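Asker: Positions in the sequence shown are counted from 1; adding 1353 to them yields my numbering.
The set of hints was computed from the structure by calculation and includes no laboratory data.
Quantities reported herein were computed from a predicted structural model and do not represent experimental measurements.
Any given hint could turn out to be false.
Here are the simulated lysine to any residue pairs, SDA-like style, with alpha carbons at most 25 Å apart [claimed, not checked]:
| hint | residue 1 | residue 2 |
| --- | --- | --- |
| 1 | 1465 | 1355 |
| 2 | 1382 | 1491 |
| 3 | 1357 | 1431 |
| 4 | 1465 | 1489 |
| 5 | 1465 | 1420 |
| 6 | 1382 | 1486 |
| 7 | 1474 | 1442 |
| 8 | 1382 | 1460 |
| 9 | 1382 | 1372 |
| 10 | 1357 | 1499 |
| 11 | 1420 | 1491 |
| 12 | 1474 | 1491 |
| 13 | 1366 | 1426 |
| 14 | 1355 | 1368 |
| 15 | 1357 | 1409 |
| 16 | 1462 | 1357 |
| 17 | 1465 | 1498 |
| 18 | 1465 | 1354 |
| 19 | 1443 | 1420 |
| 20 | 1499 | 1378 |
| 21 | 1420 | 1409 |
| 22 | 1366 | 1355 |
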Amino acid sequence: MKIKTGISYDIHKITRDGNVIRLGGVDIKAGYSLLAHSDGDVVFHALAESILASLGLEDLGTYFNDKDLSIKGIDSSIILNFALSKMNEKGFSIGNICLHIFMEQPRLKEYKETIKNNIAKLCNIDKDNISIHAGTSEGLGPVGEKRAVACLANILIYSK
1354 MKIKTGISYD IHKITRDGNV IRLGGVDIKA GYSLLAHSDG DVVFHALAES ILASLGLEDL
1414 GTYFNDKDLS IKGIDSSIIL NFALSKMNEK GFSIGNICLH IFMEQPRLKE YKETIKNNIA
1474 KLCNIDKDNI SIHAGTSEGL GPVGEKRAVA CLANILIYSK
């Protein structure tokens, strides 16, 4: 059995143009939205890129360039499914996923299980193999100053 890991971080700037953000495919009323070329789902972006990293492939921007107007507003589940298809083509499966979402507000306690279930379904893995943590940045940096939302993703994959 061959084991690989990948890690990725994604961050998007907060904008006051809307009041909903999408995290892990789940729409969350936040009182703000995220500036992005896609739907701005930092969880799916970090997760997809961690899969690509574990496979030794290029970064997300290589495949989904933010200058490409044909993908403006793209649903990030398409991005995640792209990475999953690359993983499947290379004969790997997901062992576990660890996610840490950084944001000041809203609190994610009531959303974490829904996000976990959504990721488990899309990735075709048991939800017990997914860990989702959420935390603030204690008032520090762009997240702490309520200027951004970020996610760190770590994945373990293994050959079938």
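Asker: Does residue 1355 sit within 25 Å of residue 1465, going by the straight-line distance between their CA atoms?
Answerer: Violated - the C-alpha atoms of residue 1355 and residue 1465 are around 30 Å apart, more than 25 Å.
Asker: Sort out whether residue 1460 lies within 25 Å of residue 1382, counting only the CA atoms.
Answerer: 11 Å, holds
Asker: Are residue 1465 and residue 1489 close enough, with their CA atoms no more than 25 Å apart?
Answerer: 15 Å, holds
Asker: Mind checking the alpha carbons of residue 1474 and residue 1442 for me, to see if they're no more than 25 Å apart?
Answerer: OK: residue 1474 and residue 1442 at ~19 Å, within 25 Å.
Asker: Hinted pair, alpha-carbon criterion (25 Å max): residue 1355, residue 1368. Please report holds or violated.
Answerer: 43 Å, violated
Asker: Tell me if the straight-line CA distance from residue 1462 to residue 1357 falls inside 25 Å.
Answerer: Not OK: residue 1462 and residue 1357 at ~30 Å, beyond 25 Å, violated.
Asker: Are the Cα positions of residue 1357 and residue 1409 separated by 25 Å at most?
Answerer: 10 Å, holds
Asker: Mind checking the alpha carbons of residue 1465 and residue 1420 for me, to see if they're no more than 25 Å apart?
Answerer: 32 Å, violated
Asker: Does residue 1498 sit within 25 Å of residue 1465, going by the straight-line distance between their CA atoms?
Answerer: Holds, at about 23 Å.
Asker: Decide if the proposed pair is consistent with the structure: residue 1499 and residue 1378, CA atoms, cutoff 25 Å inclusive.
Answerer: 21 Å, holds
Asker: Between residue 1366 and residue 1355, does the CA-CA distance stay at or below 25 Å?
Answerer: 37 Å, violated
Asker: Within a Cα-Cα threshold of 25 Å, do residue 1382 and residue 1372 meet the stated pairing?
Answerer: Since the Cα atoms of residue 1382 and residue 1372 sit roughly 6 Å apart, the hinted pair holds (cutoff 25 Å).
In terms of the numbered hints stated before, the structure departs from hints 1, 5, 10, 11, 12, 14, 16, 18, 19 and 22, listed from lowest to highest.
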